[in-house]
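Chains Z and H, in that order, are what the protein sequence lines are.
So for the first sequence, this note's numbering puts the first residue at 34; every next one is plus one.
So for the second sequence, this note's numbering puts the first residue at 591; every next one is plus one.
In case anyone wonders, no lab produced these hints; they're calculated from the structure.
Only a predicted model underlies this, so the values are computations on that prediction, with no experimental measurement involved.
Backbone N, C-alpha and C define an ideal beta-carbon position, used for all residues, glycine too.
Hints should not be assumed to be uniformly reliable.
[As the list claims (entries may be wrong)] Per label pair, the in silico range of CB-to-CB distance:
1) H:Leu704 with Z:Asn383: 37 to 45 angstroms
2) Z:Ser169 with H:Ser929: 35 to 43 angstroms
3) H:Gly715 with Z:Ala108: 43 to 51 angstroms
4) H:Ala950 with Z:Thr365: 55 to 63 angstroms
5) H:Ala950 with Z:Gln388: 40 to 48 angstroms
6) Z:Asn383 with H:Thr755: 55 to 63 angstroms
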Amino acid sequence: MAEQVALSRRRALFGAAGLAGAGVVAATAAGCSDDSSSATAAAPRGVVPFHGAQQAGITTDAQDRLAFAAFDVSAGVSRDQLRELLVGWTAAAARMAAGQAVADDAAAPHSPPRDTGEAIGLTAGNLTITFGVGPSLFDGRFGLAGRRPAALADIPPLPGDNLDPLRSRGDLCVQACADDPQVAFHAVRNLRRLAQGTAVLRWFQLGFGRTSTTSSGQDTPRNLMGFKDGTNNVKREDTASLDKHVWVGADGDQAWMRGGTYVVTRRIRMLLESWDRDFLLDQEQVFGRTKASGAPLGAAEEFDPVPLTAKGADGEPVIPADAHIRLAAASTNGGATILRRGYSYTDGVNQETGQLDAGLFFIAFQRDPRTGFLPIQRRLAASDALNEYIVHTSSAVFAIPPGVRDPKDFWASSLFTA
Amino acid sequence: MHIHFTDPEERRVGAHVRRAPVAYSAIAVVIATGAVACGGSDSGSSGGSGAAAGAKQTVNVTITSKACTPDVSTIPSGPTIFKVVNKGADAVTEAELVDGDTIIGEKENITPGLSGTFSLNVKAGKYQLYCPGADTEKVDFTVTQAAGSAPAATHSAEVTTALTTATTGYATYVRQQVADLVTSTGALVTAVKAGDLDRAATLYAAPRLAYERIEPVAESFGDLDPAIDARIDDAPDAASWTGFHRLEKAIFADRSLAGTGPIADKLNTDVGKLNTLVAKTTFQPAQIANGATTLLDEVGKTKITGEEERYSKLDLVDIQGNVEGANKAFTLLEPALKSLDPKLASTVRTRFTAMDKALAPYKEGTGYVSYDKVTQDQRRGLSQAVDALAEPLSQVAGVVVS
Chain Z
34 MAEQVALSRR RALFGAAGLA GAGVVAATAA GCSDDSSSAT AAAPRGVVPF HGAQQAGITT
94 DAQDRLAFAA FDVSAGVSRD QLRELLVGWT AAAARMAAGQ AVADDAAAPH SPPRDTGEAI
154 GLTAGNLTIT FGVGPSLFDG RFGLAGRRPA ALADIPPLPG DNLDPLRSRG DLCVQACADD
214 PQVAFHAVRN LRRLAQGTAV LRWFQLGFGR TSTTSSGQDT PRNLMGFKDG TNNVKREDTA
274 SLDKHVWVGA DGDQAWMRGG TYVVTRRIRM LLESWDRDFL LDQEQVFGRT KASGAPLGAA
334 EEFDPVPLTA KGADGEPVIP ADAHIRLAAA STNGGATILR RGYSYTDGVN QETGQLDAGL
394 FFIAFQRDPR TGFLPIQRRL AASDALNEYI VHTSSAVFAI PPGVRDPKDF WASSLFTA
Chain H
591 MHIHFTDPEE RRVGAHVRRA PVAYSAIAVV IATGAVACGG SDSGSSGGSG AAAGAKQTVN
651 VTITSKACTP DVSTIPSGPT IFKVVNKGAD AVTEAELVDG DTIIGEKENI TPGLSGTFSL
711 NVKAGKYQLY CPGADTEKVD FTVTQAAGSA PAATHSAEVT TALTTATTGY ATYVRQQVAD
771 LVTSTGALVT AVKAGDLDRA ATLYAAPRLA YERIEPVAES FGDLDPAIDA RIDDAPDAAS
831 WTGFHRLEKA IFADRSLAGT GPIADKLNTD VGKLNTLVAK TTFQPAQIAN GATTLLDEVG
891 KTKITGEEER YSKLDLVDIQ GNVEGANKAF TLLEPALKSL DPKLASTVRT RFTAMDKALA
951 PYKEGTGYVS YDKVTQDQRR GLSQAVDALA EPLSQVAGVV VS
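From just these sequences and the hints, can you work out the full model?
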């Protein structure tokens, strides 16, 4: 399969080496590889364009796998060095998104290969790499204090938070999504390597399954509680809603953010052992949906309107007052709407309790977290029935600058030049 | 780097735990990327690298209880696969290509009926195939210069001169450090054998510093490094555990020197062996550079975690030794590197300065604070400084290689 794809990474790494200068590394690879000639015919598959007015990985059909990293810029790094990092990162990201190695490694047996190599022979896997900057980048180290958008406010403490500071915040973020977990990991690992000495990895979260749909062509996946959540997400086909709720328009306070957006991430640990002991009817009332079909309680099909005002024979609302679906609905939040793009995660066993450390790595894009995520989460934190079964263990917000226009442009260039 | 090669647990599961030594010799290990990518059984030696164009030749090595026998005893230089087959020798489970006391390549854990391979880019010279445990442990193996393959000089005369100065300078440095090691170990051994716990505790740090500055050189001599520097985790059992850390436990944890006389004597002997060996060792520029990177890898692997000096808490002394040894190696290569790649030279220098700055807050008197006083956050900061330095440093070898 891999060898039919035009942009095979192995070819990108070794194909250019030629015979004369190939050395043993290339010779060995050629001796056992099977892609020497078949890798040229087909058009690239599974490649999401990297360049454009907006960054990929936001409205792109949600891929199956996530690797999300936050970085801190190292002490003593200058504004120029930061800019240089972003130029290098952007070039590497564009190559990886196209299914290529991070650099063309000529046969250099005495040097470490510039690409780490684990994606050789894999397809691009719809890889998207999305970049953002956190509030702390505007603290004065880089002369950017005046460039901080008002919307890039720190997320205040919220009821029910149990945040690990080492898993929260960050100067920079990189979200890599792909259909292959190794491709997503490879992207973050190589960007991290390029950053050595300029920025350090602050935290890193893998997600193994998408929990959201970002287009009407995708089925709604289930979260680890077994429910379809996020049925009523903003879809990429609904450009009017995207312009209204997701993309920063001309009215933003910082010109460099026009065409960008803001992301909020929350690592939400699910207390799955407790949840699995809850009886079905209660589980359904917690979410406000039927577990099997995903239909709202009191409705027949998943995509039926949520009957928020319907009452049962007992006079009580069919969708309970504290049901997750009710509290999260835009119509009960003054129209607040966010584009959710989260992933299920697990980090194995919580060694203190012996319980699973697993849940939802929540990711939401919006044009202003103060009118998007925050009012919704305040409401959920106050009265969501789900709170009995979840703990928020990390929190971060980043400004996602507009897209990289062309190969001469780089991530957040408008922050440095405009 | 610590060598775990005698751990029976790891042998049983067949894990490849023994990293091949940095090849301080005229031979480089072929990068195993290709072989690994297609499921080959190369031992994945990663200590050095080197290559020449052309197809690989194969040498078949048969292990029996009597000896290990190659199907040819002389081959031309170049990329070579050594295929090792064990025809029923229980006591012999590995084959090594050695140059005197230096392991060039090896395949371990080949129990009867199994086979395995290792790959090398072998340069001309006289070697031996070594199968520990066989009746005849070593057989001669000769590599002749392949026709038309003489390596051409690629550096300018100026750079070549600078690199020659670096290699002789590094040999001098290594000999000086080992001479200091012999002296300071002798003092420690005397105190241990006199039963003077407090004096032994005071004298423990000095030989550690000297050893850690040049540890990758010691690692190239097979069993010597584990004999001198194994942690208890590296020893097959507590009874056969020797070296500095065995004494460290007695001095700092047990607070009793009972029964340590033979350990002290053996340490003295082993350090003396090292002194004899380094007297005739020569170095290539790329080996010096790779050795510097290896020193920093050592810091990240066992020192930042506090495993290395778990009884004495002197991990920061070891870290200082590793960083100083790496800095010396780089400083010797720096004049040549400034001609070849000034940007890389400047980056590495800047990162060494940052590394020294990161260590500075922990200095106390003539040494360092006890490592248990260094918090988790501080340890992470030190580790990040090491990574920031080691990444560009790892690129130096490919530039100075001749």
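Status of the hints after comparison with the structure:
1. H:Leu704 with Z:Asn383: 37 to 45 angstroms: At roughly 41 angstroms between Cβ atoms, asparagine 383 of chain Z and leucine 704 of chain H fall inside 37 to 45 angstroms, so the hint holds.
2. Z:Ser169 with H:Ser929: 35 to 43 angstroms: Because 41 angstroms falls inside the window, the suggested range holds.
3. H:Gly715 with Z:Ala108: 43 to 51 angstroms: holds (48 angstroms)
4. H:Ala950 with Z:Thr365: 55 to 63 angstroms: Once the Cβ atoms are compared, 57 angstroms apart, the range 55 to 63 angstroms for threonine 365 of chain Z and alanine 950 of chain H holds.
5. H:Ala950 with Z:Gln388: 40 to 48 angstroms: Taking Cβ atoms as reference, alanine 950 of chain H and glutamine 388 of chain Z lie about 43 angstroms apart, which means the hint holds.
6. Z:Asn383 with H:Thr755: 55 to 63 angstroms: Roughly 57 angstroms apart at Cβ, these two residues keep to the hinted range, so it holds.
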